[in-house]
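Trainee: The residues making up each chain are set out below.
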Amino acid sequence: MDPELIKDCVHCGFCLPACPTYVLWGEEMDSPRGRIHLMGQHVEGTPITDAMAGHFDACLGCMACVTACPSGVRYDRLIEQTRAVVEREHVRRPDDRAIRALVFALFPYRRRLRAMRLPMRLTRRLRAFLDQVHPSLGAMAELAPAVPRSVRLPPLVRARRRRRARVGLLTGCVQGEFFPQVNAATARVLALEGCDVVIPPRQGCCGALSLHAGREAEARKFARRTIAAFERAGVDTVVVNAAGCGSSMKDYADVLAGEPGWAARAEALRTRDLTEFLTELGPVAERRPLPVTVAYHDACHLAHAQGVRAQPRELLRAIPELELREIGESAICCGSAGTYNLVQPEAARELGDRKAERVLAAGADVLVSANPGCTMQIAAAVRRAGKGEIRVAHTAEVLDASLRGLEPGILGRSPIRRRMP
Amino acid sequence: MSELERLTARLAAVLPPGAVITDPVRLRTYECDGLTHHRATPGVVVLPDGAEQVAAVVRLCGEHGVPFVARGSGTGLSGGALPRTDGVLIVTSRMRRIVEIDIPNRRAVVEPGVTNLAITEAVRDQGYYYAPDPSSQQVCSIGGNVAENSGGAHCLKYGFTVNHVLAAEIVTPDGDIVELSAMDAGYDLLGAFIGSEGTLGIATKITVRLSRAPEAVTTLLAAFTSIEAGGHAVSAIIAAGVVPAAIEMMDALAIEAAEAAVHCSYPAGAGAVLVVELDGPHAEVEHQFAAVERICRDSGAFEIRVAASAAERAAIWKGRKSAFAAVGRISPAYIVQDGVVPRTALPRVLAGIDRLQEEFGIRVANVFHAGDGNLHPLVLFDDSVPGEAERAEIVSGRILDLCIEHGGSITGEHGVGVDKARYMPRMFTGDDLDTMQLVRCAFDPRGLANPGKVFPTPRLCGEVPGVRKGAHPLVEAGLAEQF
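Protein chains in written order, with the UniProt record's numbering: chain A, 1 to 421; chain B, 1 to 483.
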């Protein structure tokens with residue numbers, strides 16, 4: 001916890017209403033200002049107590065406070081440093097440790113996720129039982145999406161029409177396994193817009209989950225591997241369609257700052273969110289009408305961490321006959337926040353319910369969400385509210401449907417996705 | 001066992017689970033509000049969820065003779081919510097329901113923890129808004145606004161909090177729940193309560209006036225080479241009979257800070273910018289706009305920008321509204337000062353501030369509500385340089401002296417709190433202060449409600465915990481009556 005970064009906070013409180021946990025509980029120590037104060041106490045010598053660690057753990061890392069802060073406090077860096085200190089210095093409760101170990105042994109590994117497909121079909125039925133064993137297991141069961149058939153992407157998708165760019169595509173862990181159709185749509189959209197899309201088959205986890213949980217060494221390992229994978233693929237721009245992954249990849253140079261050689265290589269790798277990249281590139285492919293009403297959900301790691309708000313809206317609005325609606329309280333996190341809904345299930349559930357209420361109030365046919373975590377979180381909250389399966393599509397899928405002239409009815413109802421019993 | 005400990009043991013019985021904070025690490029996060037150079041860790045923090053709970057806590061404080069302090073969002077800039085180490089901090093951040101919106105009667109009933117901006121957001125679609133707009137409106141609570149009688153950029157035309165609160169349900173220092181209304185016959189107790197900085201009780205429900213959003217709003221940004229030229233424009237605008245919704249001025253240093261923070265793109269090379277907002281019926285705004293534009297040009301404005309859309313207006317205001325916190329970008333630490341001078345004295349006072357900067361080697365950024373002469377000098381210093389904080393403190397105090405000398409006041413809208421209590425005797429005589437104390441004692445004879453604030457030294461009944469013995473000296477002398 002860098003004392004200089006802590007000192008930047010002038011205690012004005014502008015971050016309070018932006019903070020999801022302050023919105024929920026109205027407590028100073030569960031606000032960014034309060035957490036920074038706690039960090040300051042630790043720097044001054046107060047050991048990390050259970051109470052202190054609890055307030056750090058309760059932070060979603062949504063970065064809405066970074067957007068709200070007029071003094072430019074780097075809360076993003078502070079909380080990352082703090083989480084690492086908590087990991088090193090604080091001994092968690094045994095059940096908490098076990099859940100975290102399970103999460104981090106599973107999610108960053110695609111092959112392990114794949115192995116979970118069969119058990120996942122059972123989890124929803126077992127939810128009540130799992131919830132009794134541990135609320136985190138219950139949350140996992142509740143969030144599990146209907147498992148689609150896997151989609152195998154070729155290592156290279158060639159540009160249709162004149163080639164304008166050559167980019168790498170990060171397929172991600174959760175995105176790749178649970179939402180493979182999103183990666184397929186992303187590759188198609190990029191190709192139709194004139195990009196050669198290189199998809200390294202042996203890319204692993206980008207390290208986002210580990211990084212945002214303070215597991216520094218693990219995050220660095222994943223970061224190095226990801227950089228190497230795209231260097232081998234010979235691309236200098238990586239297009240990412242998952243908000244959390246994009247934001248952590250953009251931080252690689254900081255993550256690897258202690259390893260100069262790697263930091264320079266990280267610097268050389270350009271990471272762009274899909275919508276950011278497409279907006280910079282400019283459209284050439286024809287947009288066909290898509291008569292549908294969509295509500296766009298701001299993923300925190302896109303809106304707050306990467307400042308990408310206008311681009312996805314601009315791309316969606318450019319689709320003829322598509323009506324774009326806003327969701328109330330769009331800057332407040334849905335509660336997914338990486339692994340937050342697994343390790344802090346109660347708070348995540350409250351935030352999910354709050355978000356679901358506002359999403360439903362928007363009254364759109366389809367929810368557009370650019371982060372797999374948010375998609376699962378909001379879908380689960382809507383189910384909990386007794387409103388059945390909400391149709392959720394990624395921005396890439398909406399663009400893909402327009403570029404290919406598909407019926408809007410398929411959005412969020414992909415035929416490859418089977419309903420769970 | 002201290003009285004505080006005895007009281008703390010009884011709090012759980014009157015509050016919901018999780019509403020009493022005693023953990024020392026947690027308590028410390030409440031040690032200050034927006035003014036960080038006064039700190040005190042509260043004895044205990046409570047987070048009540050309704051008027052009954054507030055009243056129950058206040059009654060317990062009375063029974064044990066323990067002082068209490070109310071706090072909203074903790075954004076105050078005079079240390080009004082500075083806790084007592086031997087007392088209870090009553091935080092209203094969980095009381096944030098909008099109880100009723102009554103458009104036909106143009107009023108809304110809200111709990112004290114509701115933010116200022118949340119009221120406007122709740123009624124904007126129906127074409128209404130809540131007029132007072134402190135720069136911290138997105139976070140500051142309406143309860144805190146009532147306690148401080150908060151102002152804001154638009155108070156020049158529309159008045160302060162006191163002009164927009166119609167009624168308040170308060171918990172008195174005795175723990176009674178009482179309704180005060182602007183419609184009450186007799187003494188204006190609501191008027192006395194608003195701006196009493198937590199010394200007369202705690203507001204638990206507030207009825208605010210909703211104002212109709214104006215038909216037209218025009219915001220212009222005028223850039224001048226010097227602050228004097230800007231000041232001249234302000235005086236000329238008011239002299240021309242135009243009452244803008246707001247006239248705000250920022251000097252070069254404040255512009256630099258805002259630029260660094262929010263990239264507001266104010267004109268380069270400006271020594272001062274003036275933000276003028278006009279609102280009202282279309283025809284009137286158009287007419288006034290022409291006058292304002294001409295006056296600005298005549299006063300030497302080298303660039304004038306007019307906001308063509310709500311987004312552009314927001315961009316102009318963003319620079320101004322984030323200026324305080326933005327100063328954090330150009331200085332490790334700073335003091336926000338708040339003083340008032342007659343508009344006509346502005347140039348002389350600003351020249352005086354310049355002299356102070358030179359004399360003490362301390363930079364001062366100026367942001368002010370120019371229309372009503374409310375200055376917000378931001379005194380910048382580096383707390384890691386020995387002696388600089390002390391020098392900044394002196395400069396900050398001297399600025400208030402300047403305000404008093406020129407017939408102004410030591411606070412425009414931030415309140416006296418703990419920070420300015422010591423300046424009160426420079427503005428008021430002993431008799432003045434004693435008379436104010438009589439008002440306070442009428443509400444709070446035991447001095448348990450936010451003691452140590454507003455008044456400089458322990459005087460009379462107010463500052464001594466426990467029941468005062470004997471009659472008030474003024475009463476004894478036959479100079480005043482105690483009700």
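To be clear, the hints were calculated from the coordinates, so they are not data collected in a lab. There's no promise every hint is true.
[Unchecked claim] Derived DEER-like restraints, expressed as beta-carbon distance ranges:
id, chain 1, residue 1, chain 2, residue 2, range
1, B, A12, A, E323, 50 to 60 Å
2, B, P386, A, A264, 36 to 46 Å
3, A, G45, B, P342, 45 to 55 Å
4, B, E312, A, E323, 17 to 27 Å
5, B, D86, A, R92, 46 to 56 Å
6, B, D86, A, T67, 45 to 55 Å
[Stated by the list, open to error] The calculated BS3-like cross-link candidates involving lysine-lysine, where the alpha carbons are at most 30 Å apart (straight line), are:
id, chain 1, residue 1, chain 2, residue 2
7, A, K387, A, K7
8, B, K157, A, K250
9, B, K157, A, K7
10, B, K157, B, K318
11, A, K221, A, K250
[What the hints assert, rightly or not] One side of the interface only, derived from the structure: several residues of chain B facing chain A at Cβ under 8 Å:
id, residue
12, C32
13, A216
14, G328
15, I330
These numbers come from a predicted model, not from an experiment. For glycine and all other residues, C-beta sits at the position ideal for the given N, C-alpha and C.
Trainee: Now tell me, hint by hint, if it's right for this structure.
Mentor: So, going through the hints one by one against the coordinates:
1. A12(B) to E323(A): 50 to 60 Å: 52 Å, holds
2. P386(B) to A264(A): 36 to 46 Å: 40 Å, holds
3. G45(A) to P342(B): 45 to 55 Å: 50 Å, holds
4. E312(B) to E323(A): 17 to 27 Å: With a Cβ separation near 26 Å, E312(B) and E323(A) satisfy 17 to 27 Å, so the hint holds.
5. D86(B) to R92(A): 46 to 56 Å: 36 Å, violated
6. D86(B) to T67(A): 45 to 55 Å: 39 Å, violated
7. K387(A) to K7(A): 47 Å, violated
8. K157(B) to K250(A): Given pair K157(B), K250(A) is violated - Cα atoms ~48 Å apart, limit 30 Å.
9. K157(B) to K7(A): 38 Å, violated
10. K157(B) to K318(B): 20 Å, holds
11. K221(A) to K250(A): The given pair, whose Cα atoms are some 16 Å apart, holds under the 30 Å limit.
12. C32: Holds: closest Cβ of chain A sits about 7 Å from C32(B), inside 8 Å.
13. A216: Result: violated, 25 Å to nearest chain A Cβ.
14. G328: 3 Å, holds
15. I330: Hint on I330(B): violated, closest Cβ of chain A at ~10 Å, above 8 Å.
Hints 5, 6, 7, 8, 9, 13 and 15, counting from the list given before, are not met by this structure.
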